[in-house]
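S.K.: Turn these sequences into a full structure, and let the hints guide you.
Residue numbers (the working numbering), protein chains in the order written: chain H, 524 to 960; chain L, 524 to 960; chain R, 524 to 960.
I should point out that these hints are in silico values taken from the structure, not numbers from a laboratory. Bear in mind the structure is a predicted one, so any value in this text is a computation, not a measurement. Even for Gly, the Cβ is constructed at its ideal location relative to N, Cα and C. Just so you know, not all the hints are guaranteed correct.
Stated by the list, open to error - Here are a few chain H residues that face chain L, going by a calculated C-beta distance under 10 Å:
id, residue
1, ASP577
2, TRP578
3, ASN647
4, THR747
5, LEU754
6, ARG785
7, GLU811
8, PRO812
9, TYR820
10, SER822
11, PRO823
12, PHE825
Said to hold, decoys possible - Derived, one-sided and incomplete: chain R residues facing chain H with beta-carbon distance under 10 Å:
id, residue
13, VAL575
14, LEU576
15, THR747
16, SER750
17, ARG758
18, PHE810
19, GLN819
20, CYS821
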Amino acid sequence: METSPEILYRHVENIFPVFRSITGRGIRQTLEYISDQTTDFQIHHVASGTRVLDWTVPDEWNVNSATIRRTNGEIVIDWARCNLHLVHYSIPIHARVSRTELEKHLHWLPDQPDLIPYRTSYYNHDWGFCLSARQRAQLTDEEYDVDIRTELGPGHLSYGEVLIPATHPLNEKADEVLFSVHCCHPSLANDNASSIAIAIELIRNLRNMPCRHLSYRFLFIPGTIGSITWLARNRHILQHVRHGLVMSCLGDDGSPTYKQSRQGNAAIDRYAAHLVETRWGGRVVPFEPYGYDERQYCSPGFNLPVGCLMRSPNGQFAQYHTSADNLDFVTPAGLYASFCFITDLVMMIEKDFLPRSLFPYGEPQLGRRGLYKAIGGGDEDAGGAKFDQMTLLWTLNLADGGHSLLDIAIRADKPFAAVAAAADALTQAGLLAQRSG
Amino acid sequence: METSPEILYRHVENIFPVFRSITGRGIRQTLEYISDQTTDFQIHHVASGTRVLDWTVPDEWNVNSATIRRTNGEIVIDWARCNLHLVHYSIPIHARVSRTELEKHLHWLPDQPDLIPYRTSYYNHDWGFCLSARQRAQLTDEEYDVDIRTELGPGHLSYGEVLIPATHPLNEKADEVLFSVHCCHPSLANDNASSIAIAIELIRNLRNMPCRHLSYRFLFIPGTIGSITWLARNRHILQHVRHGLVMSCLGDDGSPTYKQSRQGNAAIDRYAAHLVETRWGGRVVPFEPYGYDERQYCSPGFNLPVGCLMRSPNGQFAQYHTSADNLDFVTPAGLYASFCFITDLVMMIEKDFLPRSLFPYGEPQLGRRGLYKAIGGGDEDAGGAKFDQMTLLWTLNLADGGHSLLDIAIRADKPFAAVAAAADALTQAGLLAQRSG
Amino acid sequence: METSPEILYRHVENIFPVFRSITGRGIRQTLEYISDQTTDFQIHHVASGTRVLDWTVPDEWNVNSATIRRTNGEIVIDWARCNLHLVHYSIPIHARVSRTELEKHLHWLPDQPDLIPYRTSYYNHDWGFCLSARQRAQLTDEEYDVDIRTELGPGHLSYGEVLIPATHPLNEKADEVLFSVHCCHPSLANDNASSIAIAIELIRNLRNMPCRHLSYRFLFIPGTIGSITWLARNRHILQHVRHGLVMSCLGDDGSPTYKQSRQGNAAIDRYAAHLVETRWGGRVVPFEPYGYDERQYCSPGFNLPVGCLMRSPNGQFAQYHTSADNLDFVTPAGLYASFCFITDLVMMIEKDFLPRSLFPYGEPQLGRRGLYKAIGGGDEDAGGAKFDQMTLLWTLNLADGGHSLLDIAIRADKPFAAVAAAADALTQAGLLAQRSG
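M.R.: Below you can see the structure in the form of structure tokens.
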């Protein structure tokens, strides 16, 4: 697969400035950017008030301006300068309020006095501003003029979707891999412009992949209400979701964090753990019903095999949900490492199968098939070749139809890629059954 | 539940002085004390010679007096002064014996020279005295007069039983919780006046508990032969014993020791382990076929889910089976902590069930039901509430009919009580199915 | 069982000097030695060219002489002086070759300059010499005369087999224990004259064992092609192989190494692990598809419960496959310890069964059957007897038809032999069901 750290970073730069929320112009502008970068991209619009599972699609919210001014007219807080300043879904207000009243509507971070937090109040209609502790300390006047010009009314929830069909499906109706990316946050680079960027490049590369046993579906949705809306409208698809991954916070320089699906031992969980252990480092953390849209995919009624890949995990880095999650925090190298991790996952998903030896009684004679060292008895002629020989022997020995390539890699303590290569060689030598389908 | 450390200790003081053995006047006197303290208490009498499983109810044994005297008539050892002096089931004897002969019948503790041991010989008819090593060192005369006035002959084995029926049974024939207390030891305070005291207070409190899904049965029995007799006479009940606990040595200041049932993963085993781990400290030890009446309940043919709760376990404290197991060794605080541990167990037994979400597809919208924080995106508004929120989310997420509240507590790493409270709140909000039955 | 360290060592001394390969006069001479030491020993001859599984029985190879000479006729390397000098299956050659050409056919150990390695090239027809690095350094002439007089042509592959039938079979067709010994290596004492010696003494002793529930089959075979040949000709027997052990490198002073079967939890795996843990020390290593003939027995189609016992494992001792694997490296004590380990294994194999208590409801009254201590209540009269008492109680408690004696030994943390003795005592007292069959 081909992309570059720079290409990924440029997407982030393009996406970052847009003011997004769970509905409204910003998320639609972002979806259009993704559409421009890819092909066959569909944008869905679901009307406010539509019932989706236990929820209702909310009214659409758009912001024209939001300021706090001194009574002399001087602007002290302006959403136009930093789009984190406004609590999402703030209702319109145009009033002079006392400092005491104003402070009830302010959010700041006492321990990070220079940072502006990001806050929302989607379902509890109120208004509020986010600002740094230093900015707040300077609000010493007795009264301020608050001017929030937002529109909240019937409209649409918008989300994007791409389906890249299998070229060589193993079943009549190809199973799917589901990638889910939330794109409802405003100017936060890691959370989640990073994942949008990586998803764009994955889509481009998957389209060019010559053989795909599975279909790949990408969702670009507002968090929570977006996945709930998609799930409500696509229940017939869910039985075909064989693997799934929520992508979030994938651009910083931390090591990978894979959060398991609720199932805990789904194939995607085992693949990701193998990559963490053998290649990419990082950590595997157990499922918990908090975080991103895996909460919905992994609700007990659906219980889909959907994990979540992050680098520094949500809530565990200082920049999380603050103005410090900016273009300095995300790096080309971090983005590219995430892209490569996911392409490794795709490789495992496509390559893994349950091999079955065609010569299971005793070892087949590898020598006459050119698969064995010539001189027996010593170590000196093993060297680098011994590694491959053991991988080959393990693959043959466990090719009983009950062990996947991953099972073999784990038992043999070899990288999956080496076992997959050995299985290819054995298949070409006529010793392994081809995968069915 | 209500009692007090002092009430528990007073029972021990009342029970301690009585001379008990596996049959005879002392155990009957003890059963009458328990009967006086409770209601609907039944005392059963089983005739000597009755076949019970592989055993036979022994003859009844009573002691009138037992002394060792110098040939000048001076009493040197007197059962009336300390009722541990006589080996249980000693046969009558009235004879002058040489010191050499006498010593064959003496039991003492070389390493604890001031303590008198407790010894029995129920099924091997002999006689003997227990005394301190210091007392024994003073027996320097050539001859002594031994005078044991015991009666051993046909009579009865007596045991007590209380059944507190379920108020809200989940089945037509309510399942039972079995508590078993041995009360065949003479003046040993921890082993087992302590457990008799706690059982009395449990009976009183369980009677007043407004809702009991299960019935509670308490047995006050002589060790080994008592449980064998009860088992032989109550085989039709055993299929209803869902949980059981042998109570022993529950009054000292050591931390709790829970000994698992033979099954090892019975519900009672998991409940007790959870309490040890999350609330009370102490240790869980695996089953072994030695100890108290769990040996009988956990014999392979019955294999009942019966564990054993102790504080300092049998044989592992210096006072065990000696005159130092007295009213100083048992404390009001130790007794009360044991009582509370068991009431926690009862709470878990009554409260646990397999919840099932009524909205399993996606998360139900907690906000409009008043179960979710209002402002999203930050940590500062989580605080103490976040704990509850995670418990709530875990309970919903695992409410698939395949996880008990305890399973959820373990997976979520939360106290059972918190999960039970969350399940109550969710049930009241119409999100969880009520327990059936 | 009876033998002695000296008897075992004498066999090694007798076997060591013979030049063996996978076919030819040397392996036949060795089989005749074994035949002379035992009874009912069968030697099988399989013609070259016979198809066996995926392989073909190779031509027979014999050596008359092999030398490297200086052009003045001085012998510098002579197979007659050390039979490791010739690469096995070297083709005949009689030619003057340049030093450069000669060196392509030489094998030596740079890190062990005094040792001559052992090398083979069974299926890749070539010629070669093995020599020490010091010998090689002295080959400074420009040309040498190479003279290899070998015969390679149709003949036979020979292997030996003994079946010691069960005296008290548990089934109509007695199950078998398979011992497999490779005997295709030339003068290497540990690998594998040691195992041939031990196998001879096991055969002698098993014949004299009064009660054998199982049959014992010993194979003396050339490595790889021998086991493949035997497997190809005996597929009807394989279903009766209940336990199997490859014996290799059993004479050095290292601690035992048991390599598990592919199944990993076969009875033989558990028996060997118990002996390592409780009696003999050493280590248990997992199966891998490399090593000795277990590779064939444990190929996925057969998947027999065959482990491999060694002391220092193949490839992990400095003397492995070199001239230092000689009569100094193998010791009488090492041989004898291996013999005793295997006789312990045989004892477990013969003794283990699933006991079933005839009195499973409550404990049977052990006292009246003479199986319980007389005085209850103390520790002092337990002592050594307590060990046995706990073993007895565990055996009774777990005698539910679902636990083998080994299961009981592991759960009770007692040696298997103690549990077997307890089971015997309980059977004699009428408390345990005899094993069926």
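S.K.: If you test the structure against every hint from before, which numbers come out violated?
M.R.: none
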